[in-house]
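From first to last, the protein sequence lines stand for chains A and B.
Read in order, the letters of the first sequence correspond to residues 18 to 330 in our numbering.
Read in order, the letters of the second sequence correspond to residues -8 to 345 in our numbering.
Hints in this document: simulated from the structure, not taken from any laboratory.
Just so we're clear, the structure is a prediction, and the values are computed from it rather than from any experiment.
There's no promise every hint is true.
[Said to hold, decoys possible] Each pair of labels, with its calculated beta carbon distance range:
#	chain 1	residue 1	chain 2	residue 2	range
1	B	Pro178	A	Ser237	35 to 45 Å
2	B	Pro180	A	Ala165	38 to 48 Å
3	A	Leu330	B	Ser74	24 to 34 Å
4	B	Ser74	A	Val254	30 to 40 Å
A virtual CB, placed ideally from N, CA and C, is assigned to each residue, including glycine.
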Amino acid sequence: MPEVLKAPLVVEFPFTRSLGPVQSAFLTGLRERVVLGVRTGDGRVLVPPVEYDPVTAEEIGDLVHVGLTGTVTTWAWNHEPRRGQPLDTPFAWVLVQLDGADTALLHALDAPGPDAVHTGMRVRVRWAGERTGAITDIACFEPYDGEASTVTVHAGEFEDPVTGIVAAARLDYTYSPGRAQTAYIDALSGRRTVGERCPSCRKVYVPPRGACPTCGVATSEQVEVGPRGTVTTFCIVNIKAKNLDIEVPYVYAHIALDGAGLALHGRIGGIPYDEVRMGLRVEPVWTEGARYPDHYRPTGEPDADYDTYRELL
Amino acid sequence: MTSAPRDREIAVVAFAQTDHRRTSEELSEVEMLMPVLHEVLDSTGLKTADIDFTCSGSSDYLAGRAFSFTLALDGVGAWPPISESHVEMDGAWALYEAWTKILTGDADTALVYAYGKSSPGSVRDVLTRQLDPYYVAPLWPDSVALAALQAQALIDAGDTDEPALAAVASRNRAAASTNPHAQLRGPVPQGDHLLQPLRTGDCPPIGDGAAAVILAAGDRARDLCARPAWIRGIDHRIEAHGLGVRDLTDSPSTRLAAERAGAFERPVDTAELHAPFSSQEVVLRKALRLGEDVDVNPSGGALAANPIMAAGLIRIGEAAARIHRGRSDRALAHATSGPCLQQNLVAVLEGEPR
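Required output: the full structure, derived from the provided sequences and hints.
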């Protein structure tokens, strides 16, 4: 069996998230070097603030201005920072209870080593040079042995409040399609199309995924299908896709390759779009160096009889 | 819809799991899952067409693909009309959904499965994406970092220390030496600090795996299994999502779930705890008031094999299998999800008196 294929797969998403009034005030405050909390019905101050009391689920919105200094409530020494984390030198993850707050905020503490960190130690905010209204406007915390900063009431009103954030994320994978799909892709590189037959219902799956979705059993018997096939159904595409160099309108079709138990998808070329029809006999057209057929074109054979493909619609 | 008696008895009648491994790159998810599905079906004599309800647990973020569970559905013969559901959670929560479905009387049998392949990506990074996206996720605190914060809180509270954590890790891996499916078995070096105070030995292995369970009601369960593991109670609860709002040394949600599941009504002899980090076992033992006489994680637990999204379902499966084998009469199974034991599910399983 050939080696299983692998390829890098990067998933990146810049989720745009809107903020409610409380989160907006908090993140705008960070931009202005102010840390705000929210007061619950029973008088506790939550920092970072939330819109609903985590105990009673009551809506809350009374903002208070808490200190820029605080106390570490727990910590963990991170000697190997990872991508995206607040500091690229070894640091401590900390939960910090800011002066005036009853809950703790997660962030990083810049300290020379684990021996310099302990629960109960005093720290203060170190601001980022450029602030945009995000939790990363706090660059990190740093050890501090001065006076506690004062706590005052704050209306939470700012000019030009931040109303949303873009939460960018990137995850890196090494994707492997597994045994069955590797065999399919390998065969395609030799311009052959190979499916797998279900040992129970005898249907040939193209592309194969290693299982018969009807019977729920493993498939393994390889069967070469095509190269010719029959258009079982189709649609006419009138919208040009971004980054796709195909003139519209064009036809996208289900094609049942000869010997296959279900149809696969493909573009139909070499014939005016309004002459494509069910039953049209087609064959793949390969371009140089391609790993799959560019499109399918008519073979010139008579159309297939409806009864030969009615089960494959 | 038929009306079901409120006291409908539901049991785990079969359980199977893969041999959990660091990587299974030669297999797609469905290829990894299918032998396990066939094993539970074969052990009951059921065919996929005999199953009234199917429910699965998995995560798109592990696979890096949207709707990845639909591909795995091929393995259960998901030909319409199938009654099927999915949770983007550990399979223990899929089992909860299946249990409620059977309670309603809409189904007599259910197939529950879960799978996770951590090998294609970096699971520590992937798990950051389940955190609060406004205040926490932008800092990329990974799963080990958050567990380490909890471990330090426990140490500061005097609930444990590094040697005690090492003993937890060692006991679990020793127990796993008789578990052919476990990834880490027998003595494992406690190692250096991965994220102080946690050492590599305090952390779960990263691996790929899958598990499946069959549930059945009443006499159907008795027909399918010589000694069904009756679910006497099951409940799940959640903590506040802000880590700094919680007391990380305790797990009130686990305690409440256990109370609602009836765990405190009579002692249990076995507990399968989903504690991926040694420190979390300390929290759970306290929350569940487990004495030294309870056999905790005879399978080796999540410290021996932690296929993400399946490890919680495996706790229920292991507890049930112990009842099937006659090694336990009343067992507790716990599953968790999220950082620092954020969400917790507790099930109480019993075998009929012998």
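Quiz item: Among the hints numbered above, which are violated by the structure, and what are their numbers in rising order?
Solution: none
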